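One letter stands for each residue in the lines below.
2 protein chains.
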Amino acid sequence: MEDKLDELKARLVEYKNLESAAWVLSWDQQTYMPAGGAEARGRQVATLERLAHETLTDPAIGTLLDDLHPWAETLPYDSDDASLVRVTRREYERQARLPSEFVARLAAHQARSYAAWAEARPQNDFARVRPFLERTLDLSRELSEYYPGYEHIADPLIDRNDFGVKASTLRQLFAQLRNQLAPLVEAITAQPAPDDHFLRRSFPSEKQQAFFLDVVQAFGFDLNRGRQDVSPHPFTTNFSIDDVRFTVRFQEHDPKDALFSAFHEAGHAMYEQGIAQALEATTLAMGTSAGVHESQSRLWENRVGRSRPFWTHYYPKLQALFPAQLGDVALESFYRAVNKVERSLIRTDADEVTYGLHIILRFDLELRLLEGSLTVRDLPEAWREGMRATLGIVPPDDRDGVLQDVHWYAGCIGGHFQGYALGNLLGAQFYAAALQAHPEIPAEMEQGHFGTLHGWLKEQIYQHGSKYTTAELLERVTGSQLLVEPYIDYIKAKYGEIYQI
Amino acid sequence: MEDKLDELKARLVEYKNLESAAWVLSWDQQTYMPAGGAEARGRQVATLERLAHETLTDPAIGTLLDDLHPWAETLPYDSDDASLVRVTRREYERQARLPSEFVARLAAHQARSYAAWAEARPQNDFARVRPFLERTLDLSRELSEYYPGYEHIADPLIDRNDFGVKASTLRQLFAQLRNQLAPLVEAITAQPAPDDHFLRRSFPSEKQQAFFLDVVQAFGFDLNRGRQDVSPHPFTTNFSIDDVRFTVRFQEHDPKDALFSAFHEAGHAMYEQGIAQALEATTLAMGTSAGVHESQSRLWENRVGRSRPFWTHYYPKLQALFPAQLGDVALESFYRAVNKVERSLIRTDADEVTYGLHIILRFDLELRLLEGSLTVRDLPEAWREGMRATLGIVPPDDRDGVLQDVHWYAGCIGGHFQGYALGNLLGAQFYAAALQAHPEIPAEMEQGHFGTLHGWLKEQIYQHGSKYTTAELLERVTGSQLLVEPYIDYIKAKYGEIYQI
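Those protein sequence lines, which keep their order, are chains B and D. Position 371 of the first sequence, counted from 1, bears residue number 371 in this note's numbering, the numbering being contiguous throughout. Position 1 of the second sequence, counted from 1, bears residue number 1 in this note's numbering, the numbering being contiguous throughout.
Any given hint might turn out to be false.
Note that the list lumps identical chains together, so a pair holds whenever it fits in one copy or between two copies.
To be verified - Computed list of lysine to aspartate or glutamate pairs in EDC-like fashion (alpha-carbon distance at most 20 Å, straight line): (1) K492 to E119; (2) K317 to D78; (3) K207 to E485; (4) K9 to E497; (5) K340 to E472; (6) K494 to E332; (7) K256 to D351; (8) K317 to E440; (9) K9 to E39; (10) K494 to D196; (11) K340 to E93; (12) K166 to D195; (13) K207 to E381; (14) K494 to D400; (15) K9 to D489; (16) K340 to D125; (17) K458 to E280; (18) K340 to E39; (19) K9 to E101; (20) K492 to E381; (21) K9 to E352; (22) K4 to E472.
Please keep in mind that the hints were generated in silico from the structure rather than gathered at the bench. Only a predicted model underlies this, so the values are computations on that prediction, with no experimental measurement involved.
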């Protein structure tokens, strides 16, 4: 069995080498690649994705997994080897349904669609990306059709990122969430809005960067094993446990964008950096699901980065960096400003209360596109209509409307957005468990120390990579199933205090 | 035949996709990759290089080439299709001698060796890289052994970059060159040295960059189809005809380093950008040899970038950017300073007269290492001894001695350096032909216009990619064989005037 396990691992190293190489090319496309490179990049990524897929779905791997299965069953469930066989088997079975030719076709299309989007968004030009998006919808449907027997056509797409989660479950969950959030937004926005005019002053990007790099390193992000760059849409990627990179975008007159994106992406990045070295170059060496990933990013962004203890320590440092911009602004005013709840246009900049509504809008539109009850042509109007119905405002253009998020333009339609909402819920449950284990966390934060929280997350979540499914991990760490209440309770408590409702 | 040609081309696209992906990973390693990424990068590049090699040496390609050969022979020699079959055949036969396993082993080693060098050079730590270099020497010898029947063990290594060139030819050529250059260096350095103390003032890198980006775009480098980054050793790479990148390194107190590196690398980059689009994603879509490549880089660096007409136009602009540093320096003083001939330590910064001697030193050491008459352990001392004998100075440390050039640490020992010396000779011959065709070139340069020169080079050299061998290209463009005289005549004329000897 040792030999077979070694052979499996050697094949997985090859798979990961190809997958990581594809990710380097994609990172480069989003950060540094000149516009002229887009055409070739499409075919280059397609070749790598096709070969990665062929490597993972080689029938020899199927045979090895069959041979190893009985032996792995005798090992402890959470041992590295048992987990490797179990998780690889699941991934193998999922991927083996897709023809490699389709994987290459999808990857080539996605690279080209991304390039079109990167040009179209600043120009507010939905017509430019419409044919790409129509093809993405066709390809997303085609992907689902390789998994016949689904309950909803979105399910196979969701399953890729959040194993086992179904559209029907999410619909119920989101209805519940919406019912809780909508009246809260009503109540809060009926109150006078916190003053945040000072956040529209000029904040040079180099200083924004100096600040957030200090912060994310204090969180635990290791710049010797990672880096930060700039891209049109913030993201995190990794090429090994020791090379994890995130991006931000800078807005001179809105420092919240880069700062909170950096905290958010650093949450993703620390998860990937914290995976046990023993899992390197295996199918286990990545975060287990979109939902758990977002629980980590949103935990660091919001539970830490938008908290009073955090700013008690860091606000004087921010003021020292920006004396002209913030010298006249008290901590409490700043705290209220970065937690201002408003009906706004941009998801990534949305406050914690309205954020879920942005997700629900996208999820609804995705399902309608996939079901065929909405066409891509009608999508911009449906977006505006959805914004009016969900958030009570209408974007003045497509740039800050249907074009704002990269996901549909660089990925599939379906499967991406649910992770953010699940992440909010999971994050609340994980953070509650962290506080229960270590009630000293907020006091430490007030001193600029995050070691206890980071250590606990590493121990409880990061190190395991993909060993456990979302449900298994949640049960292990919190002893509970997925719940809406901890998140809603947190939101009500925090914003009840800020807005005195 | 159409079908077979199409199949060959499709296979070559796959090959190029993998090769280009490997180059993206290598570019990333040299520019942005965090130190932690080195271990994984080695295995990732190795996988890509192995697969690229397997794709190119697939026996099916051999069969296709055999089938296409008689048909290709009926086509005009310089047609795209005849050239594709001819050049691919040559490359196939060369590559098919190497086991893919060796290619992967070499690539993995080179990536790790590069990482060690990048750390060791700033620390002046030859001991750190010595084991890597010893292994590189073993691998370089192993590579040559796959081509039994060579005249000199360096020949197969040289042949990879300069097809058909032999160590014995180079030895003769270099002896001739040395005999011409050594007395010139003697005579010049007996004269009073031009004053260049102002070049050691502080020149902020952002301004250096602004200047050279203006210049290289005026030369003809297209930033929509390329970019410039920073790396420990300047280089140029390309991922398609429309994505060609170069790097420089900045030294605040030595602006010559970045400026002339940028002109040099832009010469390489314009060659790659100027290849005919019809050759994209084939074996023809690259410069034909190291020698011709260096002829282009050194032509733009020296014949243009160190010329009086060039600085007549650009020096006032440079002064305007650096008024405190250069406001008190006359054009003629600056011109003499950037053409100062001196016995110096660093090859990339060497003047045109001593440059060849730096190459000859490296070439001699390579041959001795490969022959076994010099060990890696004794290499630093042999370097010092060679510098004393060749240039009359001794480096105070290994950083500016044996560690200065990346080539041995990221590539093979053997095959890299001859291209620079060949490039000087070829460049002189090409430039003489350009001046004969367009005597107006220097006058245009004085106006900051380079279109005639760039257009002529594109027409005569760039567009053809690898269609012609070095010898064929030289014959087509100049009607001559490789000659030392045009280069020596140029050097004597230019430096005779500057130094009045």
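Going down the list of hints, with the structure as the test:
1. In this homomeric assembly, K492 and E119 never come within 20 Å of each other (Cα to Cα): the closest approach is 40 Å inside a single copy and 52 Å across copies.
2. For the identical chains of this complex, K317 and D78 are neighbours neither inside a copy (43 Å) nor across copies (67 Å), given an alpha-carbon limit of 20 Å.
3. Taking the shortest alpha-carbon separations for K207 and E485, neither the intra-copy value of 39 Å nor the inter-copy value of 56 Å comes in at or below 20 Å.
4. Within a single copy, K9 and E497 get their C-alpha atoms no closer than 53 Å, and across copies no closer than 67 Å, so neither meets the 20 Å cut-off.
5. Taking CA atoms no more than 20 Å apart as the test, K340 paired with E472 passes in neither setting, with 35 Å inside one copy and 71 Å between copies.
6. For the homomeric pair K494 and E332, the shortest alpha-carbon distance inside one copy (14 Å) is at most 20 Å, but the shortest distance between copies (71 Å) is not.
7. With identical chains, the CA atoms of K256 and D351 are at most 20 Å apart within one copy only, with a shortest distance of 11 Å there and 51 Å across copies.
8. In this homomeric assembly, K317 and E440 never come within 20 Å of each other (Cα to Cα): the closest approach is 23 Å inside a single copy and 61 Å across copies.
9. In the homo-oligomer, the alpha carbons of K9 and E39 lie at most 20 Å apart only across protomers (17 Å), although the nearest pairing inside one protomer, at 34 Å, exceeds that limit.
10. Taking CA atoms no more than 20 Å apart as the test, K494 paired with D196 passes inside one copy only; the shortest distance there is 18 Å, against 66 Å between copies.
11. Proximity of K340 to E93 under the C-alpha cut-off of 20 Å is found in neither arrangement, the shortest distances being 46 Å within a copy and 68 Å between copies.
12. Proximity of K166 and D195 under a CA criterion of 20 Å is satisfied in neither setting, with 41 Å inside one chain copy and 76 Å between copies.
13. For a Cα distance limit of 20 Å, the shortest separation of K207 from E381 qualifies neither inside one copy, at 39 Å, nor across copies, at 47 Å.
14. Neither within a single protomer nor between protomers do K494 and D400 lie at most 20 Å apart by alpha-carbon distance, with minima of 28 Å and 60 Å respectively.
15. Taking identical chains as interchangeable, the C-alpha atoms of K9 and D489 are never at most 20 Å apart, the minima being 45 Å within one chain and 62 Å between chains.
16. In this assembly of identical chains, K340 and D125 lie within 20 Å of each other by CA distance neither inside one copy nor across copies; the values are 31 Å within and 54 Å between.
17. Only within a single protomer do K458 and E280 lie at most 20 Å apart by alpha-carbon distance; the minimum there is 16 Å, versus 47 Å between protomers.
18. With identical chains, the CA atoms of K340 and E39 are never at most 20 Å apart, being 42 Å at best within one copy and 45 Å at best between copies.
19. With identical chains, the CA atoms of K9 and E101 are at most 20 Å apart between copies only, with a shortest distance of 18 Å across copies and 25 Å within one.
20. For the homomeric pair K492 and E381, neither the shortest alpha-carbon distance inside one copy (33 Å) nor that between copies (73 Å) is at most 20 Å.
21. Taking identical chains as interchangeable, the C-alpha atoms of K9 and E352 are never at most 20 Å apart, the minima being 42 Å within one chain and 53 Å between chains.
22. Taking the shortest Cα distances, K4 and E472 never come within 20 Å of each other, neither inside one copy (27 Å) nor across copies (54 Å).
The structure fails to meet hints 1, 2, 3, 4, 5, 8, 11, 12, 13, 14, 15, 16, 18, 20, 21 and 22 from the earlier list, while all remaining hints are met.
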